[in-house]
Structures are given as C-alpha cells and as structure tokens.
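Trainee: Residue-level listing of the chains:
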Amino acid sequence: MMTERRRTDTITADLGARVQSGNPQADEILGGGFPANSINIVMGQPGTGKTIFAEQMLFHNADADRPSLYVTTLSEPLSKVVSYVQRFDFFEADRLGVEIQYEDLGSALSEEGPNALIEWIDEAIKTKSPKIVVVDSFRAIHDLAMSSEDVRRFVSRFAGLLSAYDVTAFLLGEYSQEDIRRYPEFAVADSIIELARQPLSSRDERYLRVLKLRGSGYREGQHAFRITSAGLELYPRLVAPRVPEHYESLSERLPTGVPGLDKLMDGGLFAGSTTLVVGMTGAGKTTIGLQFALEGVKRGERVLYINFQENPAQLRRAIASLGVDPNKMQDQGLILLYASPVELQIDSIVVEIFEAIETGGVRRLVIDAVGDLAAAASDVQRVHDYLYSLIQHFAARGVTTILTLESGEGFTGTAILQEQRFSYMSDNLINLAWSGTKVGHRTIRVVKMRGSAHEHAVREFEIDARGARVT
Amino acid sequence: MRRVHEASKIGPRPESQLQTRLSAATSSTGGKALILVVERDPHVRELEAYFLNEAGFGVEFAADGVDALDQARKLRPDIVITEVLVPKMDGLALCRSVKQDPNLRDTVVLVFSILAVQSRAREAGADAFLMKPLAEKRLVDTVRQLLKLRGKWDHAGDTA
Numbered sequence: 001m002m003t004e005r006r007r008t009d010t011i012t013a014d015l016g017a018r019v020q021s022g023n024p025q026a027d028e029i030l031g032g033g034f035p036a037n038s039i040n041i042v043m044g045q046p047g048t049g050k051t052i053f054a055e056q057m058l059f060h061n062a063d064a065d066r067p068s069l070y071v072t073t074l075s076e077p078l079s080k081v082v083s084y085v086q087r088f089d090f091f092e093a094d095r096l097g098v099e100i101q102y103e104d105l106g107s108a109l110s111e112e113g114p115n116a117l118i119e120w121i122d123e124a125i126k127t128k129s130p131k132i133v134v135v136d137s138f139r140a141i142h143d144l145a146m147s148s149e150d151v152r153r154f155v156s157r158f159a160g161l162l163s164a165y166d167v168t169a170f171l172l173g174e175y176s177q178e179d180i181r182r183y184p185e186f187a188v189a190d191s192i193i194e195l196a197r198q199p200l201s202s203r204d205e206r207y208l209r210v211l212k213l214r215g216s217g218y219r220e221g222q223h224a225f226r227i228t229s230a231g232l233e234l235y236p237r238l239v240a241p242r243v244p245e246h247y248e249s250l251s252e253r254l255p256t257g258v259p260g261l262d263k264l265m266d267g268g269l270f271a272g273s274t275t276l277v278v279g280m281t282g283a284g285k286t287t288i289g290l291q292f293a294l295e296g297v298k299r300g301e302r303v304l305y306i307n308f309q310e311n312p313a314q315l316r317r318a319i320a321s322l323g324v325d326p327n328k329m330q331d332q333g334l335i336l337l338y339a340s341p342v343e344l345q346i347d348s349i350v351v352e353i354f355e356a357i358e359t360g361g362v363r364r365l366v367i368d369a370v371g372d373l374a375a376a377a378s379d380v381q382r383v384h385d386y387l388y389s390l391i392q393h394f395a396a397r398g399v400t401t402i403l404t405l406e407s408g409e410g411f412t413g414t415a416i417l418q419e420q421r422f423s424y425m426s427d428n429l430i431n432l433a434w435s436g437t438k439v440g441h442r443t444i445r446v447v448k449m450r451g452s453a454h455e456h457a458v459r460e461f462e463i464d465a466r467g468a469r470v471t
Numbered sequence: 001m002r003r004v005h006e007a008s009k010i011g012p013r014p015e016s017q018l019q020t021r022l023s024a025a026t027s028s029t030g031g032k033a034l035i036l037v038v039e040r041d042p043h044v045r046e047l048e049a050y051f052l053n054e055a056g057f058g059v060e061f062a063a064d065g066v067d068a069l070d071q072a073r074k075l076r077p078d079i080v081i082t083e084v085l086v087p088k089m090d091g092l093a094l095c096r097s098v099k100q101d102p103n104l105r106d107t108v109v110l111v112f113s114i115l116a117v118q119s120r121a122r123e124a125g126a127d128a129f130l131m132k133p134l135a136e137k138r139l140v141d142t143v144r145q146l147l148k149l150r151g152k153w154d155h156a157g158d159t160a
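So the sequence lines, in the order shown, correspond to chains X and H. The numbers in the first sequence follow my numbering, run straight up by one, and end at 471. The numbers in the second sequence follow my numbering, run straight up by one, and end at 160.
What the hints contain is simulated information worked out from the structure, not anything from laboratory work. From a predicted model like this one, the values you see are computed outputs, not experimental measurements. All C-beta atoms in this analysis are idealised placements derived from N, C-alpha and C, irrespective of residue type, glycine included. There could be a bad hint or two in this list.
As the list claims (entries may be wrong) - Each pair of labels, with its calculated beta carbon distance range: (1) X/128 / H/85: 25 to 35 Å; (2) H/85 / X/424: 49 to 59 Å; (3) X/143 / H/76: 45 to 55 Å; (4) X/156 / H/116: 21 to 31 Å; (5) H/145 / X/47: 47 to 57 Å; (6) H/137 / X/212: 23 to 33 Å; (7) X/424 / H/137: 54 to 64 Å; (8) H/151 / X/110: 46 to 56 Å; (9) H/145 / X/211: 41 to 51 Å; (10) X/143 / H/137: 33 to 43 Å; (11) X/143 / H/70: 44 to 54 Å.
Work out the full structure: start from the sequences and follow the hints.
Mentor: Shown next, in the form of structure tokens:
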C-alpha cells in the first residue's frame, strides 16, 4: 500500500527562546531576557516602576499578528495605567487597541471572584492568540476573600492554563519579601524580579534584583536604575572578571611622579596595581594623586582623575600651582571627572569610569577620594563590592590606580573599618601623617607593597611650590 | 463566559471560519477527519480540542496509553496526537503499537510533548513531532499537512 517512506516532520520549540524586556541592560542581567512561555513575577512596592517596566516590554514586543494583553485587576484603575504610559518615549498610540490591548477586570473579579480572571484568559487564548499577558496586580487577587486552599487551587488552574499555551505571562504585584513564602504563585513562577526604592535625603535609590530565573544564569545582586522618559535606565552591577588575564604579566614599574617615593617603593608602582593613599586633611593626598596623574600625561598616557570635592576649575588651579599648564595637560590626555557628592550616584559614576577606560584608553586612574563614594551610598557594603570589582577590572586592563582616603576623622569605628577594607583590596598602602615631633612637618610611610621589597621606615615628606617630595 | 471543559468528549461544533479554509481533511469514512487526542493535562486537552474543533476536525480523547490503543482500534482515527508522558503506556510505546497494528496502518501519529524527544519519536515510527506549549497555528498546520501527505500515500497505494 504505502510505497513511500513517511517523513517525520519535526518542529521543536526553541527551549532557549527568550522574550526581550525592551531594555538591553535588563536583558543582560537576565542572561538574554525572560524565558519564553513562562510565568514571571515583577514585585515591588507602589511607585517602584513595575508598570513602566511592563509597558516598556509590551511596546518592545508589539506584534501585529499576536496581541499583548494588559489586564488590570482590583488595585489600579485602567485609565490611570493608560494615561500614565503616554508620557514615555516608547509609547506609540497607534499600537493601542490592536497590538496592545487593555482590559479592566476589576468589576468582573469583585462580582464573580478570582475565576473571572481564568475565564477571561481562557477566552483570550481562544479568540486572540495572545503573545504576552500582563496581570496588574496579581497580588490584589488575594484581597478577594479566599481560603488558602482556594488560593492554591486558583493558582494551580491559572498556571496550568498559561503553561498549556504558547504565551508569556507577567504578574505584577506589591509583594513583600514575606509574600514569597506565603503565596503559591512564587512556587510556579519561572522568574521573580524585584524592584525596590530606597528613599535618601536628596534623592531615591532604585534597584532591580533577580530573585529567581529558571534554566538560566543571571547577574546577581542589586542593579541600580533611574526612571527617565525612556523608561528604566539600568546600571548593571559590575562583576569581577573571572580571569584577570594580564595581571601577572605586568612587571613594568611606573614612576609615581613624586620625587623620592619611587625609591621607597622599589622603583615605582607595578602597572595594573592599586595603591591606597591614606591621610588626614592637608597631609598631601590630592597632591600625590595629581603628581601621579601629571607624570602619566608627561609619559604620553591617558589619565582619568576623578574628584568629588573640588570642581574642575579648582582642580585646574591646583594643577597650575604645581607649575604645570592645565590646558596643555588636558590636551595631552588628562581627563578630569567631577561629581558633586550631593548628586553622586555610585552606579552612574561607575558607568562613566568604565566608559572612560574602555573608550578613552586610560592607563592611570586617580579616585580622590573613595570615602566620598562610600558616604554617598546608602549601603557601604555595596561600595566595597563595586570598588573591589572595579579594581579587578583595572588590574585586568593594566590600569594603574591611586585611591585616596581621608583618615582619622575622630578615629571612629567606621573610619577604621573602612581603612581596613580599602587597604585589603589594594595592592599597596601609603600612609601620610603630620609629624609628632616636628610641628608642621609631614611624614610618609609605605605600609604595604605587594610583591616588592619596599622601605618600611617613616620618612619626612615636604610639599612646596614644586609639589610633594620625600626628603 | 466559557467554562473550562472537564468532559472527556467534545462534540462537533458548527462550521467556523477556519473550517472553510479546510481542504480534503476528511477521513475515509467520508465525514470530518477524526483525531484521537491522548493527553492528561486538562488545560492542554481542552485547548487542543477547542482549536482542532474550530479547524473542523472531530476530536476524541484518551487519558492513558492503554485506553488510547483500545479507542484507536475501535474508532480508526485519522490521526493520533499523543503526549509522551501519559499513564499506563507511554506515548512512544503507544506510537509503536499503532504502527505495528496492520489495521491501523493508515493512522498518522503526531507526538506532541513537553519533552524534546524528536529522535526517539522518529525511532518509534511517529510521522511528526511537535514540542509544547500549544500554539494553535503550528498544531493545526501540522495536522493539515499530515492529512494531505496521507492523502498522497493513499493515492500512491491505490495506483500501485
């Protein structure tokens, strides 16, 4: 009967298929985006940016053949969601109603109970072939009086229906950390994204964090973001490079630009090393940093000088007082980066530092002072994590770094702790102090230098019109 | 609003828009093509039935492999669509049994699974493999294509 051999048609859904978030940085954090055909939870208190995040994704994924559906439940009136989204750049009015469809299930839910949502989605699957479904807020479903058993049954049916069909779902909600253990939707979710806002005195810090992502690696930890007219502007947290490949091979010594100091340091700083210069106000930290920077420029290197206290005009005056023409230095490769400590956001400054190093070919870097960075951040541990990974990146790229740190502010516990932590992550440690025996005299001591036979003695240190020098 | 169907059978529906595009999707008995769906997941089963009915096919269900083989022998469906993970006899064993049964040699088997087992499905003699989740266009297109191919085989058999 059958003379032909039947051919087996094989259509395999791409197991690694992703739904992009519409935000390249978020996709980077998520290892490429959300898994397709998944159930995802975007959690966060009101005002953390959940709706914007979801809307940005919907407009990015808008598809003429398969609409995306945005369902509001009991917490947010639909009119508010729609009118708010118009303010963003990604909003395109002609996609509404066709490619992106909104539906308010508030009254259906309060009249018929939570099953109204399942019935609506079932109907939508059969009549609209939706590609993405957003439920805002899913947590509000719990406000409908249900026993925990009813909740489990409801979530199981809801998840079963969504998993059966080729659709990616996003459940937004004002969930707290405790809710993760309490509510069954977290167990069925393929990914959990948390958005958080931490109010500081002058501004808010916002974070995105991945709590769960099935079947894929992701970038852990808190990633800062801002909300702009373009949506969420994210600064993915830096991760220390696994292999700092050039690190070991850099045996070249760089002159510090401070006469006498190279001799104390066995010939100068190793290329790619990090040196922490600690001292009280006026001890000469900025002068050493500037001389190190200017020495690099004289040697034809690109140098980045980051400062949080003095604005560029003040810094240019300081350079001029060393007898050097600041304009000439800037023409020859000196980059001055100033950030006011009041507006300083560590994540954005880190992005700027990286851009300068990557695109500007920077070989020397001065951060004056790292304590200002720590002071600007709400979470000191985060600053340390940042600096640690930054230093690893500098080392891997052969960038030689000086970090300055103000010491001895009343010898408080936190100041000493900071010193210990910063010194731990630095290769070299230099201490500047006022002499205990001679009034008005400064001293310098190389406390630590990795891989070098440095001098340990306390030496006298002078600063005059020509700059700083070891005497 | 439509309720989720829990019934194991879904009767024929009135002709839909989709059905008018349907060509030659009829079984040898002259009616609409009959599909036996072997599936345990109630949501997949219900959606699968809905979309296949909409496309103009008759649908019968079996919830396990043994029941499926019995029904296949009784009903002689045009297509068996089976998940691999079904009780009593898995979908691949079912596929082999259908293919070995001389009375069912005209029955096409489509393995439709959450597992990426295309090569095992091919070894078991399946005519096609589709991976879940359900996407109605992909499913209905595959079913139509399989029926069309089968029509050609039948034709080849007649003229041989």
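Trainee: Could you work out which of the previously given hints the structure breaks and list their numbers from low to high?
Mentor: The structure conflicts with no hint, since it agrees with every one listed earlier.
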